[in-house]
Amino acid sequence: MKVYGFAAAMACLVATSAGAQQLAPSPTLDAVKARGNIECGVHLGLPGFSFANDKGEWTGLDVDYCRSLAAAVLGDANKVKYTPTSVQQRWPILQSGQVDVLARNTTITFSRNATLGVNFQGINFYEGQTFVVRTKAKVNKVADLADATICVAAGSTEEKTAADWFRERNLKVTIINFQKNDDAISAYDQGRCDAYTAGIGALAGQRIKFKDPAEHQILTEIISNDPQGPVTRWGDERWQLIVRWVLNAQIASEAFGITSKNVDEMKAKSTNSEVRRILGVEGKFGDMMGLSNDWAYNIIKQVGNYGESYERTVGMGSALKLKRGANELWTKGGLLFTPAFQ
Amino acid sequence: MMTFLRDRKVRDILWQAAGAVVLVALVWFFVRNASENMVKAGIASGFQFLWRDSGIEVPFNLTGYRPSDTVLALLWTGIVNTLLVSAVSIVVATAIGFAVGLLRLSSNWLLSTLAGVYVEFVRNIPLLFFVLFWYFGVLAALPTPRESLSFLGVTFLNRRGLSIPTPNDLTGLRLSLLAIVVLVAAQWGLARWARARQARTGRDFPTWAVGFVTCGALPIVALVLGGAATSWDVPTLRGFNYRGGFVLVPEFVALFAALSTYTAGFIAEAVRGGILSVRQGQIDAARALGLTPGRIVRLVVIPLAMPVIIPPLTSQYLNLIKNSSFGAAIAYPEIVAVFMGSALVSTGQSIEIIAITLAIYLTLSLAVSLFMNWYDARHRMVTR
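Chains as they are written, first to last, in this note's numbering: chain Y, 1 to 342; chain A, 1 to 384.
This is chain Y alone, in the form it adopts within the complex:
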């Protein structure tokens, strides 16, 4: 009798381990599923990246990332709770666990990675720092700003980059650091400064906040390359894995030509193994992360691939009209690529 019982128990154990893969615990994923939404830290209001429109809906490239994550994890891109954060608030809010992920035009730097207890999970936008000046100031290149007064958001990478750039060239500038981007912008607009500095993508969006946008000109010279992407806390490796591969799925689906329009057709007909693995037809990749196997299908169906998202939020289909530039696939002369879906 005892022998049978033991055998039955063993059989059960084998059956369980064969049926469902044992996954490392992920408190963040469990909390997200229990809560039924993703808590996403975004910018206070940056057109093109994260901006609440006149209907109160959040739109933008970073917002699309949050929506993709919700589509992958919860099957519904609308299950996101946005937490707008200032330059200073973003780290404590992420560190203390008030948000699950930060998608907030945040530049990846060594010291942030090494001292803040945060990990950067990839790049969703290559930003380059430049300046906006009054057209009548006749400034064509950054070096023309010698002796100028420059407004900047305190604690941003731009604050240090600008200070370093002019110091290395022995040019004297006065840098006025404001606590919020919007305060720096309005002080520049009021004539307190000759220039305002930020990323070229951010400036394209912020320009519409000026009293008379036509009076201002964004310099084309770039003084730094600031890669930006979603950020998570240290620990909970499985959550970090999900955050990383949701971004990869957005970019890979563009590379494989999967769009929100043809995704059903591709799922039914494609013979490409990588496409089939992304869309969950083979390989059961969702299971390996503790998600459903149509996680990437949901992203593409509900939000679209990276290219669609880019054109809609910051590209030619938006008010910002930014060219793809570095944010183009590597096969088309840009810098975007993903590891293999194998």
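Mixed in with the good hints, there may be bad ones.
Said to hold, decoys possible - Only pairs whose alpha carbons sit at most 30 Å apart, straight line, appear in this in silico DSS-like list of lysine-lysine:
(1) A/Lys40 with Y/Lys81
(2) Y/Lys79 with Y/Lys172
(3) A/Lys322 with Y/Lys33
(4) A/Lys322 with Y/Lys180
(5) Y/Lys55 with Y/Lys79
(6) Y/Lys323 with Y/Lys138
(7) Y/Lys138 with Y/Lys321
(8) Y/Lys211 with Y/Lys172
(9) Y/Lys321 with Y/Lys136
As the list claims (entries may be wrong) - Residues from chain Y that face chain A, not an exhaustive set, calculated with beta carbons under 10 Å:
(10) Glu57
(11) Pro84
(12) Gln95
(13) Asp144
(14) Ala148
(15) Ser156
(16) Ile175
(17) Lys180
(18) Cys193
(19) Asn272
FYI, nobody ran anything at the bench for these hints, they're computed from the structure. All C-beta atoms in this analysis are idealised placements derived from N, C-alpha and C, irrespective of residue type, glycine included.
For chain Y, the structure is supplied; the task is to place chain A on it using the hints.
Relative to the frame of chain Y, chain A by itself:
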């Protein structure tokens, strides 16, 4: 054996000691817990960051700070800027506050109504609004650098601030400074002598008139002579802006104006309360002695009102120092802006930085309280 516990004093001491031990243990527990959790989460902790390069520009500093200096130097620059704007604002707020408080009690209907309107207006508006109003108001009122207002061709006022010449060499000015010190000392001696003479003979001496000439006019002559002998770094328009000399930034002016006019409203009420506490009989007695109205206020009313005025005045000074942190909203580089803003974000060490900032404000406030208590004790009328 436990009989000593029956002594109430012993028991009180024991209770207090136990309370202190619990408090220390609690603080120790929280500090240790926080630091352990931070190490686990990969967040840097400790105070080593204070000796790292700051890399942060400060547009207005009196300490000679440069971005290549340490975070500690940045903190010091922030402290100096906080102290500067607080000190100047306290002096001006006190002057305006006393004037408005006295005017509010004036028998002139127009003056007292105006003073009342001022107090009500100031007291019922949030300070942040006041600071932003002054800042954007000041900016909007000033011309662009190319259209600067010029005074004698050496001092220029525009949206980037007030550019004033600075001396390249201090010897000439040091001599005139020395002359001023000598004059002030002489005036002080004269005032003492005049008071002693008045006590002895009852005869008055025009100390104020003499003082106006020696302490007011002569230093200006000395400064002009000293200044003429010195070479100056005069601001000149180069490219975008005036370079050279010293620039008083509009952020300072706006914060100073906001803090002093705002706090003055509260000080005025403290002064009014103090003066109303002086009994009418004292004033009547002073009038009966034949004192002029100005002297009654200066020699009788204010000294009697001071013990009532000083405690609320101290609170207002403390409020003003703490309110100087509103400078962060308009980019005035005080402690909160440069240390809790820029340095915090670039190092990410929130707990340490906030603890240091708290300690600094606490020290400043305690120092002001101690001084005010000392002043009160020293000048309090001996009552019998």
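Tested hints:
1. Between lysine 40 of chain A and lysine 81 of chain Y, the direct Cα distance comes to roughly 27 Å. Compliance with the 30 Å bound is thereby established for this hinted pair.
2. For the hint linking lysine 79 of chain Y to lysine 172 of chain Y, the alpha-carbon distance of about 49 Å lies beyond 30 Å, and the restraint is violated.
3. Our distance criterion of 30 Å between C-alpha atoms is broken by lysine 322 of chain A and lysine 33 of chain Y, whose separation comes to about 44 Å.
4. Straight-line distance between C-alpha atoms of lysine 322 of chain A and lysine 180 of chain Y comes to about 21 Å, which keeps the hinted pair within the 30 Å bound.
5. Under the criterion of a C-alpha separation no larger than 30 Å, the hint pairing lysine 55 of chain Y with lysine 79 of chain Y is consistent with the structure, at around 17 Å.
6. This hinted pair checks out: lysine 323 of chain Y and lysine 138 of chain Y have alpha carbons roughly 25 Å apart, not beyond 30 Å.
7. Pair hint lysine 138 of chain Y plus lysine 321 of chain Y holds up; C-alpha atoms about 24 Å apart against a cutoff of 30 Å.
8. A threshold of 30 Å between alpha carbons decides the hint, and for lysine 211 of chain Y with lysine 172 of chain Y the separation of about 29 Å falls inside it, so the pair holds.
9. At roughly 23 Å between alpha-carbon atoms, lysine 321 of chain Y and lysine 136 of chain Y fall within 30 Å of each other, so this suggested pair holds.
10. Nearest Cβ of chain A to the Cβ of glutamate 57 of chain Y: about 29 Å, over the 10 Å cut. The hint is violated.
11. With a least beta-carbon distance of about 17 Å to chain A, the hint placing proline 84 of chain Y at the interface is violated under the 10 Å criterion.
12. Of the supplied interface hints, the one on glutamine 95 of chain Y holds, with its beta-carbon coming within about 6 Å of a beta-carbon of chain A, less than 10 Å.
13. The beta carbon of aspartate 144 of chain Y is positioned within 10 Å of a beta carbon in chain A (closest approach about 8 Å), and the interface hint is therefore held.
14. Interface restraint check: alanine 148 of chain Y against chain A, minimum CB-CB distance 4 Å, threshold 10 Å, status holds.
15. Below 10 Å, beta-carbon pairs count as interface contacts, and serine 156 of chain Y has one with chain A at about 8 Å; its hint therefore holds.
16. Look at isoleucine 175 of chain Y: its Cβ gets to within about 4 Å of chain A, closer than 10 Å, so that hint holds up.
17. This hint holds: lysine 180 of chain Y has a C-beta 9 Å from the nearest C-beta of chain A, less than the 10 Å allowed.
18. At a threshold of 10 Å, the smallest CB-CB gap from cysteine 193 of chain Y to chain A is about 8 Å, leaving the interface hint in force.
19. A least Cβ separation of about 39 Å between asparagine 272 of chain Y and chain A goes past the 10 Å threshold, and the interface hint is therefore violated.
In terms of the numbered hints stated before, the structure departs from hints 2, 3, 10, 11, 19, listed from lowest to highest.
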